[in-house]
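So you can see what is in the structure, the chains are spelled out below.
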Amino acid sequence: MSTTPQAVALGDRALPPAPERRRLTPEEHRALARRRRLRRELTGWAFLGPMFVFFVTFLVVPVLGVFWWSTRSGSLTIGSEPVGLANFRRMPHQVDALTAIRNTVQFTLMSVPLTLALALGVALLLARVTRGGAVYRFLIYFPALVPGVIAGLIWVFLTNVDFGLFNTVLKAVGQDPVTWLGTKSALKVVAALDVWRSTGYWSIFFLAAVIGLPRVLYQAAELDGASGFQRFRLLTLPLMRRIILFAVVVGTIFGLQVFDTVLILTNGGPGTATQTIVLRIWNYVFSADKVGYGAAISVVLLLAILCLTLAQLRLLRSRRGED
Amino acid sequence: MANRPAASAAVLAAAEQDRARGARRAASERWLTHLALAVACVLSAAPFFYVIAASLKDKGSLFQYPPVWFQWPPYLGNYQRLLFETGFPRWMLNSLFVATTVTAIKLLLDSMAGYALAKLDFTGKRVIFLLMLILLMVPFAAILIPLWSIAHQLHITNTYLALILPPLANPFGVFLMRQFILGLPKDLENAARLEGVSEFGIYWRIVLPLVKPGLVVLAVIIFTDQLVSFVWPLIATTDDNLLLMTVGVASMRAKGGTNYGLWSAAAIMSLVPVVIFFLALQRQFMARSTSGALNQ
Amino acid sequence: MSLIRDRRTSELVDAYAAGRLSRRGFVSRLLALGLAPAVAGAVLAEAGARTASAQASTLPKDVSGEMRFMIGPWTDKEIEHQETIAAAFNQTYPNVKFSFKLFSWDSSGPEIDASLADGSHDIYYFGEGAYLARAKQGSFADLTERINDPAWADEKAKYLYWDRLAAYGDKLIGLPICWHVEDALFVNLDKVKEAGHDATFVDTWDGFVDCVTKMTKGDETYGLGMGMQLGNFAEWYQRARSAGGRFLTEDLSKPAINTPDVVTETQHLVDFFQKGIAPPLGTFNYDTAPDAFIAGRLATYSSDLTIAAVLMGKPKPPAFEWAVLPWPPGVKERLSFNDIGLYGMNAKTPNPDLAWEVLKFWTSGPQGAYWTAVSGTYPARKDALDYGFGEKGVKQLADSFEQFQKFSVGPEPFLQWGTIETQAGQQAAQAYSGEISAQDAVTNIEQIVNQEVFG
Numbered sequence: 001m002s003t004t005p006q007a008v009a010l011g012d013r014a015l016p017p018a019p020e021r022r023r024l025t026p027e028e029h030r031a032l033a034r035r036r037r038l039r040r041e042l043t044g045w046a047f048l049g050p051m052f053v054f055f056v057t058f059l060v061v062p063v064l065g066v067f068w069w070s071t072r073s074g075s076l077t078i079g080s081e082p083v084g085l086a087n088f089r090r091m092p093h094q095v096d097a098l099t100a101i102r103n104t105v106q107f108t109l110m111s112v113p114l115t116l117a118l119a120l121g122v123a124l125l126l127a128r129v130t131r132g133g134a135v136y137r138f139l140i141y142f143p144a145l146v147p148g149v150i151a152g153l154i155w156v157f158l159t160n161v162d163f164g165l166f167n168t169v170l171k172a173v174g175q176d177p178v179t180w181l182g183t184k185s186a187l188k189v190v191a192a193l194d195v196w197r198s199t200g201y202w203s204i205f206f207l208a209a210v211i212g213l214p215r216v217l218y219q220a221a222e223l224d225g226a227s228g229f230q231r232f233r234l235l236t237l238p239l240m241r242r243i244i245l246f247a248v249v250v251g252t253i254f255g256l257q258v259f260d261t262v263l264i265l266t267n268g269g270p271g272t273a274t275q276t277i278v279l280r281i282w283n284y285v286f287s288a289d290k291v292g293y294g295a296a297i298s299v300v301l302l303l304a305i306l307c308l309t310l311a312q313l314r315l316l317r318s319r320r321g322e323d
Numbered sequence: 001m002a003n004r005p006a007a008s009a010a011v012l013a014a015a016e017q018d019r020a021r022g023a024r025r026a027a028s029e030r031w032l033t034h035l036a037l038a039v040a041c042v043l044s045a046a047p048f049f050y051v052i053a054a055s056l057k058d059k060g061s062l063f064q065y066p067p068v069w070f071q072w073p074p075y076l077g078n079y080q081r082l083l084f085e086t087g088f089p090r091w092m093l094n095s096l097f098v099a100t101t102v103t104a105i106k107l108l109l110d111s112m113a114g115y116a117l118a119k120l121d122f123t124g125k126r127v128i129f130l131l132m133l134i135l136l137m138v139p140f141a142a143i144l145i146p147l148w149s150i151a152h153q154l155h156i157t158n159t160y161l162a163l164i165l166p167p168l169a170n171p172f173g174v175f176l177m178r179q180f181i182l183g184l185p186k187d188l189e190n191a192a193r194l195e196g197v198s199e200f201g202i203y204w205r206i207v208l209p210l211v212k213p214g215l216v217v218l219a220v221i222i223f224t225d226q227l228v229s230f231v232w233p234l235i236a237t238t239d240d241n242l243l244l245m246t247v248g249v250a251s252m253r254a255k256g257g258t259n260y261g262l263w264s265a266a267a268i269m270s271l272v273p274v275v276i277f278f279l280a281l282q283r284q285f286m287a288r289s290t291s292g293a294l295n296q
Numbered sequence: 001m002s003l004i005r006d007r008r009t010s011e012l013v014d015a016y017a018a019g020r021l022s023r024r025g026f027v028s029r030l031l032a033l034g035l036a037p038a039v040a041g042a043v044l045a046e047a048g049a050r051t052a053s054a055q056a057s058t059l060p061k062d063v064s065g066e067m068r069f070m071i072g073p074w075t076d077k078e079i080e081h082q083e084t085i086a087a088a089f090n091q092t093y094p095n096v097k098f099s100f101k102l103f104s105w106d107s108s109g110p111e112i113d114a115s116l117a118d119g120s121h122d123i124y125y126f127g128e129g130a131y132l133a134r135a136k137q138g139s140f141a142d143l144t145e146r147i148n149d150p151a152w153a154d155e156k157a158k159y160l161y162w163d164r165l166a167a168y169g170d171k172l173i174g175l176p177i178c179w180h181v182e183d184a185l186f187v188n189l190d191k192v193k194e195a196g197h198d199a200t201f202v203d204t205w206d207g208f209v210d211c212v213t214k215m216t217k218g219d220e221t222y223g224l225g226m227g228m229q230l231g232n233f234a235e236w237y238q239r240a241r242s243a244g245g246r247f248l249t250e251d252l253s254k255p256a257i258n259t260p261d262v263v264t265e266t267q268h269l270v271d272f273f274q275k276g277i278a279p280p281l282g283t284f285n286y287d288t289a290p291d292a293f294i295a296g297r298l299a300t301y302s303s304d305l306t307i308a309a310v311l312m313g314k315p316k317p318p319a320f321e322w323a324v325l326p327w328p329p330g331v332k333e334r335l336s337f338n339d340i341g342l343y344g345m346n347a348k349t350p351n352p353d354l355a356w357e358v359l360k361f362w363t364s365g366p367q368g369a370y371w372t373a374v375s376g377t378y379p380a381r382k383d384a385l386d387y388g389f390g391e392k393g394v395k396q397l398a399d400s401f402e403q404f405q406k407f408s409v410g411p412e413p414f415l416q417w418g419t420i421e422t423q424a425g426q427q428a429a430q431a432y433s434g435e436i437s438a439q440d441a442v443t444n445i446e447q448i449v450n451q452e453v454f455g
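Protein chains in written order, with our numbering: chain F, 1 to 323; chain A, 1 to 296; chain H, 1 to 455.
In isolation and in its complexed conformation, chain F is listed as follows (with noise of 0.2 Å):
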């Protein structure tokens, strides 16, 4: 998080030193202090600012427009005016208000830990493997890569009712099949379509991080007579801590945030079985007249999402040791 004492303290014996040993008066002492400052809060900056400067142009500011069109009625395109707080009071009389929040919280906790699970599996299985890695790293990301309309079409095909893949193998092991984007199981269906898109995408993430672990560690705990098992809990979890949180933080707040493959698979239906709050917001963003109102359904997301955060960021600090 920030530098510790000693770094501060190296840095200071790498500036060049003075030409004659001599009493720096308390003057100069604050002086000197000064400049080092300016300097760190330049270098600082010096690294920083050019990605800032697009970070508050093209986030920081349209977020402030989020905001601002939560305070207001009609669009972009016919006009709008101030309308003070009624776009957040009448949000908890909207029809179905929970439906959206419950769907799409069944639907994070379906996809997310699956998902990591997943990943992480398959990461330690990549890194093991010197022949043959890059095609399996391929095969393994390639869903990622598919356009979502086309990853939409593939699913379509899949859970097709007559022909698809899924009932093909239920009918071979003698089951009845199964209506797969029926109101019972459709949000299921989003969540396995998830699943199977973003695996390889954080497998990939977390083999980077596996790659990175000190094998010497491990090679001591095989002398040692540690299983596999051992290894894996005693080593790789607590090592790849900070990369897992990260996952597990990002992960969830994607799975808030799903959207675009409902909206390819089932456009929030049958009736409101895959309706989200995303998909909520995305049908306002482009009303007539209401676009004030998806913006105050984002500001509760936002702020919803915000403590969540919070939370977790706070568990992870009591957590950490000494960085």
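Treat the hints with care, since some could be wrong.
Derived lysine-lysine pairs resembling DSSO-like cross-links, with alpha carbons at most 27 Å apart [to be verified]:
no., chain 1, residue 1, chain 2, residue 2
1, H, K254, H, K171
2, F, K184, H, K156
3, H, K158, H, K314
4, H, K77, H, K395
5, F, K171, H, K254
6, H, K360, H, K332
7, F, K171, H, K217
8, H, K217, H, K314
9, H, K395, H, K406
10, F, K184, H, K275
Simulated coverage check for chain A against chain F, where a stretch passes if three residues somewhere in it have a Cβ under 8 Å from a Cβ of chain F [unchecked claim]:
no., stretch
11, 18-28
12, 62-75
13, 121-130
14, 164-171
15, 212-225
16, 246-253
17, 266-280
Worth flagging that the hints you see were computed from the coordinates, not collected in a lab.
Model, not experiment: these values are computed from the prediction.
Even for Gly, the Cβ is constructed at its ideal location relative to N, Cα and C.
Given chain F's structure and the hints, the job is docking chains A and H onto it.
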């Protein structure tokens, strides 16, 4: 073990057996690993079989009863039509240009910012880190309208800039780089500082080579995200010459009678450059630079 | 004798006639030239006549320019069809160039908005559902004067549905090219015959229910497929209108949807699902239903008109006799919901006169008949049948053209109609799958109307 051999011979034999068992176990473990990975590959890539098959049929009869799994001889007309009668080659070039440019710029900016957040000390660092973390969660659908207004006011809509600049704002890469850089051992950079290497020198010559796997992952992720990004390109540019592959392919989905064959051919063709990009990065991937540095 | 004598006056008249000068600017310039108000008025009248004749007649044959279209793909050969029309146009005006960009239907609204703002295209296709919002926003060129020009009155009279567009306000922003029945019945007549009925089974509700019930064979063949529309325009709205319901009263002052008749009609639809006549929601969808219909899995199914073109374009089109028919009468009356498709032009187009000429040509009798026939939709012109609409397109469509026209009803003219229709369809689907009762669905829909319009 029926008869009891001499003690020393027993020890030797046991050791021999252990070694043999160890080798057998290693072999069977390797075999199991490959099997598990093969299963994972089939699960992830096999569904794409439908698309390949459909792209080789002369009428896109994806849902026909009874299903025609494969047409023989395969029909190549869809590919011919795609390449010579639609704007596909141009869409693809645009997509590649934009994705490559964004990836290159973003790798540089994000790793610099990640370095600043991980290793440098300056006012506002914690606040900015938190702000980035919070804004990482903004659903894109929510900011679409304000973002478009800003781009329009900056007069960049309908130019390549509209496709390249806004993605640079995404803080995901900064986080990723920060996480990777935080994981680096401090000894190397401290040593460099003692030797009077400038801050940029440390970043460029020491940190960047060490986080190479992280950079490769980031490159893959950014490139993929750009290539499949759809919603923003839809409204950022409307000029025919600036059309991206995803938007072009989506517009081929006709109200009545989508030509699944043509559409599937587009899906296959859109993967070709990605495959090349991905395979080109493979070599970088396995460079065990981090552990190498530690072992020295 | 003409009042327009000197060069300066005639230059002003030309500028006014070409649309470079507003009426107000024209008059004030005339007055600035020192003309007496009465004389200026007379010049204005004469210039008006000249403008009208300039519009009725056409552009010089050597006019050049580029017309950039942004349109939706009705078939996968959309651009070919457009280029055919463009080639016909080029026979009169050889120096005009054309380009066609396709939007995707799911995102046509934002794509058109962005293009209008950027001035990227000159001519757009858009649906009636967006008409009101588009008329309000002002980025489409106002065509009212051109359309209501007396010199064009004869032509104007050949278009259908001006009265419907008038309900959206005084401003006209497009020329109708087609009208599209959103919920037509695709009927396997062989199976209808097996069930002891003929094509008139849709003329009464009881006959309809009897026929689809008899055609249902377990989960082998479903009598009636519904709930498979792409996005919105689900069947429920049309049935609610047939039961005398509307989202809003005629004067748009309050909801008028929660009536016993609408609930009864909704229950009728729910019954189809509960009795297994309609396949459970999610069994088939917009992409898979046509093949299921061809394979006999669906004896009838409800979808939009263009499915007719889809069926004929299949590798194996239906081997049985089939028809496109309107839904049967509802509790109150027999109605068939449709929406108009229009061409409009960007207010920013550098070439408004040429664009207007193009709009007229594209929607003219012969071109309209050609395009609608090959796209699987109905022409918005009375004279389209004279130009061979029936011969070029799918026969089944032409056969029921008049029947659909008779029962035609469009969306209600208020801004939130589209958003409400989408949500209403979701509520109805909830009732179909037994999650909520028909009454609950209708009550929810009324609440949605309240919150979207008055909330």
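Now the hints, each set against the structure:
1. H:K254 x H:K171: Roughly 25 Å between the alpha carbons, so the hint for K254 (chain H) and K171 (chain H) holds.
2. F:K184 x H:K156: Given that 27 Å is the threshold and the Cα spacing comes to 52 Å, the pair is violated.
3. H:K158 x H:K314: Answer violated: K158 (chain H) to K314 (chain H) is near 34 Å, above 27 Å.
4. H:K77 x H:K395: Within the cut-off at roughly 19 Å; holds.
5. F:K171 x H:K254: Violated - the C-alpha atoms of K254 (chain H) and K171 (chain F) are around 53 Å apart, more than 27 Å.
6. H:K360 x H:K332: violated, 39 Å
7. F:K171 x H:K217: holds, 20 Å
8. H:K217 x H:K314: holds, 25 Å
9. H:K395 x H:K406: Holds, at about 19 Å.
10. F:K184 x H:K275: Holds. K184 (chain F) to K275 (chain H) sits at ~18 Å (cutoff 27 Å).
11. 18-28: violated (count 0)
12. 62-75: Per the Cβ count (5), the hint holds.
13. 121-130: holds (count 6)
14. 164-171: With 6 residues in contact (Cβ-Cβ under 8 Å with chain F), the coverage given for the stretch 164-171 of chain A holds.
15. 212-225: holds (count 7)
16. 246-253: It holds: at least three residues are needed, and the stretch 246-253 of chain A offers 4 whose Cβ sits within less than 8 Å of chain F.
17. 266-280: It holds, with 7 qualifying residues against the three required.
Consistency with the previously given hints fails for numbers 2, 3, 5, 6 and 11, ordered from lowest to highest.
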